[in-house]
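J.: If you want the building blocks of each chain, they are given just below.
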Amino acid sequence: MSSVIKQFLYVNRKAPYGTVYALESLEVVLIGAAFEQDVRLLFMDDGVFQITKGQDTADIGMKNFSPTYGALGDYDVKYMYVCKQSLEERGLTVDDLLDLKWEDEDEDWAEKDSIILVDREEMKSLMTDADVVLSF
Amino acid sequence: MLHIVNKSPFDKNSLESCLSCAQDGSAVLLYEDGVYGAIKGSAYAERLQSAMSNITVYALEPDVKARGIADKVIDGIKLVDYNGFVELTAEKEAVNSWL
Amino acid sequence: MKYTIQINEGPYTHQASDSAYNFTKAALEKGYEIFRIFFYHDGVNNATRLTTPPQDDRNVITRWSELAAAHDLDLVVCVAAAQRRGIADADESARNGKDADNLAPGFRISGLGQLIEGGIIADRLVVFGD
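Protein chains in written order, with the working numbering: chain L, 1 to 136; chain W, 1 to 99; chain S, 1 to 130.
Hints are supplied without guarantee of correctness; some may be wrong.
Claimed, not checked - Have a look at the derived ranges for each label pair, beta carbon to beta carbon:
1) ASP59/L x GLU91/W: 49 to 59 Å
2) ILE121/S x THR19/L: 39 to 49 Å
3) ALA80/S x ASP59/L: 18 to 28 Å
Unchecked claim - Only pairs whose alpha carbons sit at most 20 Å apart, straight line, appear in this in silico DMTMM-like list of lysine to aspartate or glutamate:
4) LYS101/L x ASP59/L
5) LYS65/W x ASP18/S
6) LYS92/W x ASP123/S
7) LYS65/W x ASP81/W
8) LYS2/S x GLU46/W
What the hints contain is simulated information worked out from the structure, not anything from laboratory work.
The beta-carbon is built from N, C-alpha and C at its ideal position, and this holds for glycine as well.
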């Protein structure tokens, strides 16, 4: 089983806090990272709200889990694709998103951006390339 | 790829997002409340019909019948039963569920 | 053809579990293999044996238990999601100091790794949810 490497695409289309899907999907990504598969995350539609800066849940009594996205790079989850159109529709730019990085072992642990903005055409190929699509 | 959509386009943007991401030649199956997107002459019908030049659209007949819209389905949308649903998932290389 | 099925919603509120059941039955009738059915999010609520629907309604839970018994299905309930929602087998209940358990026959509680493994081993993963 360990020799099989599939491309897993996690499609995140839901906002955090209002429903539990974003949090529990992040838990799958964290566990899934241990399986050494080819993992990609796609944030589109309201899913882009999962990775915005400045989330503060103190007054709603729920856990702010947005810092966990920043740790994904350490779990070898390097590619976080964000739908450009979904950002624009919501009045956001990449500057409103968390500064997510991963370290490239092959380039002396150089820090690289995890977030890659994609248009619809690039999203089509992302989905076509995936062996397994997990949607939440 | 087989895209499956279970949301009415009048309630959620799942079908719209799906259509904008569906590669030419892929298939879209409407099931559960997704079948409301298959209604002829609705405000969404034109959008779906224009997408149908590049993708094949199916609707799950048991869900269509349950909702009383069997005689309102857009021409060209293919009705399948659960057997056909399973066959579609087997024919296409992966299934993308638009929740 | 080998399938893993993921169910993200509880019974009765959402059609997801019904759709997944009809899909699974059709796949089995075609001779396809169901490698695993994984219950996640509120989907874990499909696994409580305390469910008592009205007599003229389907029993979503026993339907799964019976299908599992007939076809030796692997019905896996996510442990983290189950703990949050009060679904427990006898072991889980004892471990967490609870006074009762409610896991229905044919289901087992395990980790999220079972979902990932299901995605790796099966030819297709089909997600039913909201």
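J.: Does each hint fit the structure? Answer for all of them.
T.: To see whether the hints hold, each was checked on the structure:
Look at ASP59/L against GLU91/W: about 50 Å separates their beta carbons, and that is inside 49 to 59 Å. Separated by about 29 Å at the C-beta atoms, ILE121/S and THR19/L break the suggested range of 39 to 49 Å. Checked against the hint of 18 to 28 Å, the pair ALA80/S and ASP59/L passes, with Cβ atoms roughly 26 Å apart. A threshold of 20 Å between alpha carbons decides the hint, and for LYS101/L with ASP59/L the separation of about 29 Å lies outside it, so the pair is violated.
Only pairs whose Cα atoms come within 20 Å are accepted, and LYS65/W paired with ASP18/S is accepted, the gap being roughly 15 Å. Taken as a hint, the LYS92/W and ASP123/S pair is honoured in the structure, with Cα atoms around 11 Å apart against an allowance of 20 Å. Simply put, LYS65/W and ASP81/W have alpha-carbon atoms about 11 Å apart, close enough for the 20 Å limit, and the pair holds. Between LYS2/S and GLU46/W, the direct Cα distance comes to roughly 37 Å. Violation of the 20 Å bound is thereby established for this hinted pair.
Comparing the model with each numbered hint stated earlier shows that hints 2, 4, 8 do not hold.
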